[in-house]
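Residue numbers (the working numbering), protein chains in the order written: chain A, -4 to 521; chain E, 128 to 224.
Treat the hints as calculated values from the structure; they're not laboratory data. The reader is advised that the hints may include incorrect statements.
[Stated by the list, open to error] Chain E is faced by these chain A residues, among others (derived, beta-carbon under 10 Å):
no., residue
1, Asp61
2, Gly64
3, Phe112
4, Thr295
[What the hints assert, rightly or not] What the simulated footprint calls covered on chain E by chain A, stretch by stretch (three residues with Cβ under 8 Å from a Cβ of chain A suffice, anywhere in the stretch; the number is not a length):
no., segment
5, 143 to 153
6, 174 to 187
We put the CB at the ideal spot given by N, CA and C, even for glycine.
One letter stands for each residue in the lines below.
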Amino acid sequence: MGTSHQGTSASDGLFLGPPRRLGSALAERQGTGSSEGERAALQDAIALSVTDLAVLMDRVDGEAQDILGFQVAMLEDDALAAPALSAIDSGTPAHVAWSAALDGEIAGYEASEDDYFRARAADLRDIRDRVLRNLSGGESSRSPSGAVLVGEDIAPTTFLETDWSAGGAIVLMRGSTTSHVAMLARARGIPMVVGMGKLPEHAVMIAVDGGSGTVLADPDDLQRAAFNAALASDAQARGLEEQFRLRPATRRSGARIDILINVAGVEELDHIDLSSCDGIGLMRSEFLFRDGAPLPDEETQYRAYRRFVEWAVGKPVTIRTLDIGGDKPVRGLTPDGEANPFLGLRGVRLTLAREDVFRTQLRALARAAVHGNLKVMVPMVTVPDEITRCAALFDACVAELDAQGIAAHRPPLGIMVEVPAVAVMPELFDAAAFFSIGSNDLTQYVTASSRDDARVAALNDPSHPAVTALISKVAQYGRGAGIPVSLCGDMASEPRHLATLLDAGLTSLSVAPARIARLKAAIAEL
Amino acid sequence: MSETANGSVVITHDVGLHARPSVKLTKLAKGFASTLEIAGTAEGPWVDAKSIVKVMAMKAKQHSTLFVRATGADAQAAVDAVISLVRRDFDEAGDGH
Chain A
-4 MGTSHQGTSA SDGLFLGPPR RLGSALAERQ GTGSSEGERA ALQDAIALSV
46 TDLAVLMDRV DGEAQDILGF QVAMLEDDAL AAPALSAIDS GTPAHVAWSA
96 ALDGEIAGYE ASEDDYFRAR AADLRDIRDR VLRNLSGGES SRSPSGAVLV
146 GEDIAPTTFL ETDWSAGGAI VLMRGSTTSH VAMLARARGI PMVVGMGKLP
196 EHAVMIAVDG GSGTVLADPD DLQRAAFNAA LASDAQARGL EEQFRLRPAT
246 RRSGARIDIL INVAGVEELD HIDLSSCDGI GLMRSEFLFR DGAPLPDEET
296 QYRAYRRFVE WAVGKPVTIR TLDIGGDKPV RGLTPDGEAN PFLGLRGVRL
346 TLAREDVFRT QLRALARAAV HGNLKVMVPM VTVPDEITRC AALFDACVAE
396 LDAQGIAAHR PPLGIMVEVP AVAVMPELFD AAAFFSIGSN DLTQYVTASS
446 RDDARVAALN DPSHPAVTAL ISKVAQYGRG AGIPVSLCGD MASEPRHLAT
496 LLDAGLTSLS VAPARIARLK AAIAEL
Chain E
128 MSETANGSVV ITHDVGLHAR PSVKLTKLAK GFASTLEIAG TAEGPWVDAK
178 SIVKVMAMKA KQHSTLFVRA TGADAQAAVD AVISLVRRDF DEAGDGH
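Pulled out of the complex, with its shape left as it was, chain E reads as follows (with noise of 0.2 Å):
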């Protein structure tokens, strides 16, 4: 049973996806079987979102808006999952002041 799923979330995280947001995002995406792409468009292109030198090459900044879509059986849990921790700030407490 395949199900598909998709939404957006504006990043507020002080430099963007960098370094450890990335290492984050993509741990969180490898633990779900659906397939899990993210884009800073909503026409694409779509990046494999388990693949940390996919993530970190689309140097999506702050303020930007991060598109994600899954396919599979946890496709809605997944895009869930990673806009709440975008939306979090990636579990950071530094509140960017």
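Isolated chain A, as found in the complex (with noise of 0.2 Å):
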């Protein structure tokens, strides 16, 4: 009988392949003994790296393709290789030549007292480890399609790099459900399964519930046979959720239900088809504020916000400014040991203290706001007096935008209801352009209870009905007030909440891609 294991579910899915251990590709390799053969194995596998990145390149945009220029910009050099070169000249294999040449110039950005670049480390190390296994007869980081991808963390290359078209699934030993690659599983409905803590060494089959976070094992023909009997269950009920994921959300009545998605990185757009959505409810600002990394100029924003408001060609696309604090710190801008940063200087708190943040967002987004539909909306608002400044400095990035001859144009303002203050007196905020309920902050700070607690997790129900009290209360104010009213939060995406949410009067709600199907048939049955 196989073992069970149990994780945090990162994606939702079921998968049942070999596992492909991450980072063990790096094969031992043999050198060909001769300096020449192992100066052309070296100089052909840094020539394989550049052109690796070159097409991964195609893929990704903004940031990350910025990375990859720098990673093809530091191959290219002759300065990079050329100790490892007169290394093998004088009869050291190229592997480790390379691997030591390597170390060194990473130890060297390890050693900088500037975060930034000490960051820069990890591209070495990436750039090391590509030309390896490039060397080593050439098996690439491409893991082949239909692999359980296993380890201690993933990087957002490898994830991009892996060919997906088979299916696939990932567990991890430690990783994080808010990191990049679980927002692309999501996106792309890859399972997910991360803080494994352990799993057998010698593994050759693994079963993933990407939902319930469990894994299994080395199932036994019992166990494969309920778990086959399961993916063909799940996927026939997908099959039938398929049908809807192209129409209009409606119920029974015909009412209908705006369905919008929830994005990070511009590269989850590339699966998603613009007709099965009403537009991006949620767009998440800080996935361009990577911890480690400088901060994204405005140039840079510039471009990621202009990506995601000409995709959706009119829709309307909702950017949150910055969200950071809480459980998502950027070393730099959030305060470090804060007793209880759930209830510290976070969202609208910290970018209002940060103006000089803060501005260049803002006027990011103003420019971006020329090319489409584009919203704005800020977290964690408290008192009105929030959105006045908010407001002020926005049009005051306005001005200064057209002062310097640069379009820009100023987007509706709207806020995120998830603090309690904002969801029992929604009246004291009518300067907001819309409300956007946040249920998972809102549901953490009405039941006082952590998400990331197991042993609280219970009590952390967004169907309490307090919360849903709550949410009833903001939708009808909104009704009354004019004011567009969406919901954002996981609880959207869980069918059983969606009865409760319809007859609160929410005609609008905002979900992971990988739901879309899933919630309009829901919706058709209700």
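Make one complex out of these two single chains by using the hints.
Right under this line is the structure:
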């Protein structure tokens, strides 16, 4: 009988397949034995790595493209391989010489007292390993289709390079449900489980249930049959749901519900059919602000936001201003050592305290607004004055851009409703152009329980009557006051909460792209 | 015919001479026939401005001064071009608010 292991669900779905260990691709390599042969092998491996990266660059955008461009420039610089080549000339095998040369460079970056330069060590390691993989028989980091990727953690480039056409799954010993890769996995519907702790080393077959976070190592025949049966019925259910994907979401009564999507990276958009949704309900701009990386400048942000707006071709795109702090620290921006970060300097509290960072973002947003139907919302609003201050700052940025002769437009400014103070008295906040209920944080604050703590997770229930009463209140107030209301938390993608949300009077929901078909199918039943 | 030229400029870019500016600087430098070198102090050590590996390894930060020198037929044009690129904040419109 196979052993069952419990982790945390990061992306739904079922998959059964052979494991492929991440980071184990650095196979043993026998040198060619001659310096000429080793020299040629290293040069070929570097050239191959440049080609790999060029292919990958075509598929990404924005910051990811800059990072890859930097890696290509490093690889194309003879100075990078020079110490390795001279070691090869004195008889060292290519892989040993290359590792030693790059380890020297990496150590130099790691020793920097500057966060930005220190973070480049990761790029150098990426470069080192890519060339080593190409040296050791050319087996690239691209995983065979249809495997379960197992490892400590996974780099976004690895996810992007993997061929998912025959399915697959991801099982991480560490990892995080909020990582960039978790977002990508949810968008593509790839099952993913994080925080496994341990898995048997030599398992040859792994069954992954992404929804429950359960992983079965080497299932026996009986277990495998049960899993395959679950897979088949899941596939059948998905097939039925799929028929709803491109149709408008409509209730039995014929009433239309707007279904929008939650996204982070621009890479996600490649796999989403625009006609399957009514726009983007939540774009999490904090994914441009990676911990340890430099703050993205106005140009980088503008280019990224513009991509989203142009992709949606006139459909609304709601971009949330920087929502860091709480469980999303960014070094140099978020305060260290807060006793209770969820009640501390996060969301709009932080951006108003860091006007320099906020202005750069607002300027980029105002410029992107020229290219389509952009709306902007601020997270963690607690008092009406925060809306006033954000609006004044936004107006000032637009005036500044006008004066500089740069095309800009002031988009509507709405707020997240996630702090109970707002949900209890929404009438105080009618300066907002729209409300977007963030059910995850609202639930956490109303029930005073964290969803990251397994011991109190049962209390963190969005269907608690106190939470649903607040959602109804906000929806009703919005309808009466003519303020559009939407909901963008995980609650919207759980069919079991759907009746509650529609009864509350909500007509607009924003969910992960992978949930669209299932949600529309469920709406048709109600 | 070989001329020499030199100059200096203060880096105003937000993070300093990081990855994207370094890529731009080395690409620009490669467009000149002259030997083009940069340094963090007037006394050196001087590094090849056409090598991104060497340029990045300087880890030049915001507000630090970049010294530039060149030898070759287009030395003055090369130094002027590098100084102009740094002054233009590497053509990144982000104005560091």
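Evaluated hints:
| no. | hint | result |
| --- | --- | --- |
| 1 | Asp61 | holds (5 Å) |
| 2 | Gly64 | holds (6 Å) |
| 3 | Phe112 | holds (5 Å) |
| 4 | Thr295 | holds (7 Å) |
| 5 | 143 to 153 | holds (count 7) |
| 6 | 174 to 187 | holds (count 8) |
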